[in-house]
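Engineer: If you read the sequences in order, they're chains A and B.
Going by the working numbering, the letters in the first sequence line up with residues 1 to 308, in that order.
Going by the working numbering, the letters in the second sequence line up with residues 309 to 541, in that order.
One thing to keep in mind: the hints can contain errors.
As the list claims (entries may be wrong) - Partial list, computed: chain B residues near chain A (C-beta under 10 Å):
| hint | residue |
| --- | --- |
| 1 | Leu337 |
| 2 | Pro472 |
| 3 | Gln476 |
| 4 | Ile477 |
| 5 | Ile479 |
What the hints assert, rightly or not - Here are the computed lysine to aspartate or glutamate pairs in the DMTMM-like style, where the Cα-Cα straight-line distance is at most 25 Å:
| hint | chain 1 | residue 1 | chain 2 | residue 2 |
| --- | --- | --- | --- | --- |
| 6 | A | Lys64 | B | Asp502 |
| 7 | B | Lys311 | B | Glu424 |
| 8 | B | Lys507 | A | Glu63 |
| 9 | B | Lys506 | A | Glu63 |
| 10 | A | Lys67 | B | Asp502 |
What the hints assert, rightly or not - DEER-style ranges, computed between Cβ atoms:
| hint | chain 1 | residue 1 | chain 2 | residue 2 | range |
| --- | --- | --- | --- | --- | --- |
| 11 | B | Cys492 | A | Lys64 | 14 to 22 Å |
| 12 | A | Phe119 | B | Lys429 | 36 to 44 Å |
| 13 | A | His66 | B | Val330 | 19 to 27 Å |
| 14 | B | Val382 | A | Phe272 | 41 to 49 Å |
| 15 | B | Pro400 | A | Pro291 | 47 to 55 Å |
| 16 | A | Gly113 | B | Val330 | 17 to 25 Å |
| 17 | B | Lys503 | A | Leu111 | 21 to 29 Å |
| 18 | A | Tyr60 | B | Val330 | 33 to 41 Å |
| 19 | B | Val382 | A | Leu61 | 53 to 61 Å |
| 20 | B | Ala491 | A | Thr158 | 34 to 42 Å |
| 21 | A | Leu61 | B | Ile470 | 20 to 28 Å |
| 22 | B | Thr322 | A | His66 | 21 to 29 Å |
| 23 | B | Thr431 | A | Tyr60 | 51 to 59 Å |
Keep in mind that the hints were calculated from the coordinates and are not lab data.
Heads up, the beta-carbon is just placed ideally off N, CA and C, and yes, glycines get one too.
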Amino acid sequence: MNELTVSVSPHIRSARTTRSIMLDVILALMPALVASVFIFGARTLLLTAVSAAACVLCEYLWEKGHKMPITIGDLSAVVTGILLAYNVPVSMPVWQLIVGDAAAILVAKMLFGGIGCNFMNPALVGRIVLMFSFTSEMTAYVFPKTSIDALSSATPLTVLDKLDMSALPQLLYGVHGGVIGETCMIALLLGGVYLVARKVISPAIPLSYLGATLLFTWLFGGAQPILAIFSGGVMLGAIFMATDYVTSPFTTKGKLIFGLGCGFITAVIRVFGNYNEGVTFAILLMNLVVPYINDLTMTKPLGGVTEK
Amino acid sequence: MKKKMAILKNGLFTENPVLILVLGCCSVLAISVTVKGALGMGLALTFVLVCSNVVISALRKLIPDQIRIPCYIVVIATFVTIVQMVLEAYIPELYKALGIFLALIVVNCIILGRAEMFANKNTVGDSFFDGLGMGLGYTMVIVGISVFRELVGNGTLLGYRIIPEGYQIRIITQTPGGFFCFACAMAILIAALDKKGKKFNPQIGCDGCCGNCNLGCTSRTPVTDKTSKEAEK
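Pulled out of the complex, with its shape left as it was, chain B reads as follows:
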């Protein structure tokens, strides 16, 4: 159970999909204008992520390696279609507000990324908790940003007016404001993860195979003589 909690915490904070892995930012920037939309989007994504993680993990030994990406897409698209149809039938208002971004969950980097990086290597139980953690991590960030943006930019919260008309800073609801809030949220999370005297060092979801990696990440470990000799062989 301890491991499960660690996986959950991983998705929420230390490997937060949006702020640390920087995946799925497009929908975060676009949907975080209203709290309602953000909540709907977050829950829809969490549902799809948990289901697809579980199914892909269960099928990981059946799926041939060469065509795994199409297989993942089929699984993910199935769940996205379910969400779409349910929302259209029962909450048409939210369905309309999310628009194209609901359908775009199919190609959301977080879901495909977790399928590739986690679900196809781990057990069904672990994958469930990874999907839950990552999904809630996404929901937490998008709702957090949307609370600020709706309150400051529009003066309302869940549609109720908090700040009187005429005292809004509209740029926060616009695209530049979205990027600004996104950057601030990232800075806040990283500052919170900094331990005293030790800077937080994000491991960007890699297996530490730095030898042939071109990413300029800070956690790069120098290639030792042994590995380079092995590479020569």
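Okay, chain A solo, but in the shape it has when bound:
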């Protein structure tokens, strides 16, 4: 009887750490990077590397300056950097991208207490700052020379009403204008399937997000609802940004509500708004209500007494 171990919870531990999860996310992001090199050229590699390095450096300097434990080893800053780089056009000046990285890490993440404490997705905050600061550079979409039809003259979202279903293969390959990481749907889906298979993310958010975008775009009378979910940043956002652990709900029910809300706002902005794309605002707005979603969808203990 001496072999009983008495300890406090948690009693079940897994080998999974923040670092291994982030490594999985980085791996899942790689197909999109490879695709973007073929579509936009090698400069995408430079932007991605600089962005990731800048994020890590910002986090390191902040923690060093405040004599906090150094957390750059968990690779979350690398993920933020890669995601932000995926959100800029290939022609983006490097120094502007670094401004965005600093805003993402210092303002959105470290000021609120570092990893696990940010109330918004840092990469998306960085994108918003870049969007408002350098609007012309951020919307200077470069168009790959390989493409010859309608998609070569504008991003698919701006000409969605002129397209038909025959444009679907080209959207899947991603050979059209846009920011570097969002165009190739096949690569993004590949990464998404990998993350779901590795159980890094639950499919609840991506599926409910894409489904809601499809549904509401159709309900609001937007052009080509099916093409709509394969164009713009919604796929990148649904798979990689909306699923961020810190800023998405805990429970499956909560995740479904979160995805539904994101899809609804995306469709509203796309169909009725002045902006072509509403993914960033949709995810950030839903980030803000995550604490309430968590409160309202809390799992009740089996047989637990309900409060009166």
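Dock chain B against the given chain A, drawing on the hints supplied.
Structural biologist: The following block gives chain B in isolation, referenced to the frame of chain A:
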């Protein structure tokens, strides 16, 4: 004289109207885009604040308590109208740049707040220095924020180009940037007021009557038995 300097310093730092009392923020956020506008706004507000403080303090025994707020407004509006007319006549450019915010000085919380909290309880001399300190405190903050916002967001200072075109971070001149700079300025002032080993504890202009107060301030003193018994009586 020592007391006068203390009142002045109070308005500038320890009870800074914008960053510690958090009054009059609307005009700070809106006008702090350019240094020129900020300077004009700060000086206009300081002038109105000093004059209204002096007049209200001088009349404090004449003004009936029940209708004191309308009386304050009449006094303040008089000086605002003077400023408005002078600016429109002599510096129409600034008048145009300040727009509605000039007229809105009438209902600026700082001026009404100082009238209510200070001028109607203190002598004319003290009220003059309180108005001066508070006004300069406001001017200091709005000009400080505007220097940063104009330089980083627009690349210029008082209209002269410092940073070449193309290297501006525009979000700083926009609303989110304004809120961000405001928060940073507040953090800097409070950090500067922190003494070694002792955190700065802002007294938000109250008389320490914590008994029935609903504000969740950090300087709250627990209600003692004596005061609660007095309250029961």
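Engineer: None of the hints should be skipped; say for each whether it holds.
Structural biologist: Structure-based check of each hint:
1. Leu337: It is violated, given that the least Cβ distance between Leu337 (chain B) and chain A is near 16 Å, above 10 Å.
2. Pro472: violated (13 Å)
3. Gln476: holds (8 Å)
4. Ile477: With a closest approach of 5 Å, the Ile477 (chain B) hint holds.
5. Ile479: holds (4 Å)
6. A:Lys64 - B:Asp502: Distance ~22 Å between Lys64 (chain A) and Asp502 (chain B) Cα, so the pair holds.
7. B:Lys311 - B:Glu424: holds (20 Å)
8. B:Lys507 - A:Glu63: holds (22 Å)
9. B:Lys506 - A:Glu63: holds (24 Å)
10. A:Lys67 - B:Asp502: Roughly 19 Å between the alpha carbons, so the hint for Lys67 (chain A) and Asp502 (chain B) holds.
11. B:Cys492 - A:Lys64: 14 to 22 Å: Given a distance of about 20 Å, which is inside 14 to 22 Å, the answer is holds.
12. A:Phe119 - B:Lys429: 36 to 44 Å: holds (43 Å)
13. A:His66 - B:Val330: 19 to 27 Å: holds (26 Å)
14. B:Val382 - A:Phe272: 41 to 49 Å: Given about 47 Å between the Cβ atoms, the range holds.
15. B:Pro400 - A:Pro291: 47 to 55 Å: Because 50 Å falls inside the window, the suggested range holds.
16. A:Gly113 - B:Val330: 17 to 25 Å: holds (23 Å)
17. B:Lys503 - A:Leu111: 21 to 29 Å: holds (24 Å)
18. A:Tyr60 - B:Val330: 33 to 41 Å: Cβ of Tyr60 (chain A) to Cβ of Val330 (chain B): about 34 Å, so the range 33 to 41 Å holds.
19. B:Val382 - A:Leu61: 53 to 61 Å: For Leu61 (chain A) against Val382 (chain B), whose Cβ atoms are near 55 Å apart, the range 53 to 61 Å holds.
20. B:Ala491 - A:Thr158: 34 to 42 Å: Taking Cβ atoms as reference, Ala491 (chain B) and Thr158 (chain A) lie about 36 Å apart, which means the hint holds.
21. A:Leu61 - B:Ile470: 20 to 28 Å: This hint holds: roughly 26 Å between Cβ atoms.
22. B:Thr322 - A:His66: 21 to 29 Å: The hint (21 to 29 Å, Cβ to Cβ) holds, given that Thr322 (chain B) and His66 (chain A) are roughly 26 Å apart.
23. B:Thr431 - A:Tyr60: 51 to 59 Å: With Cβ atoms ~57 Å apart, the hint holds.
Violation of the numbered hints given earlier is confined to hints 1, 2; the remaining hints are satisfied by the structure.
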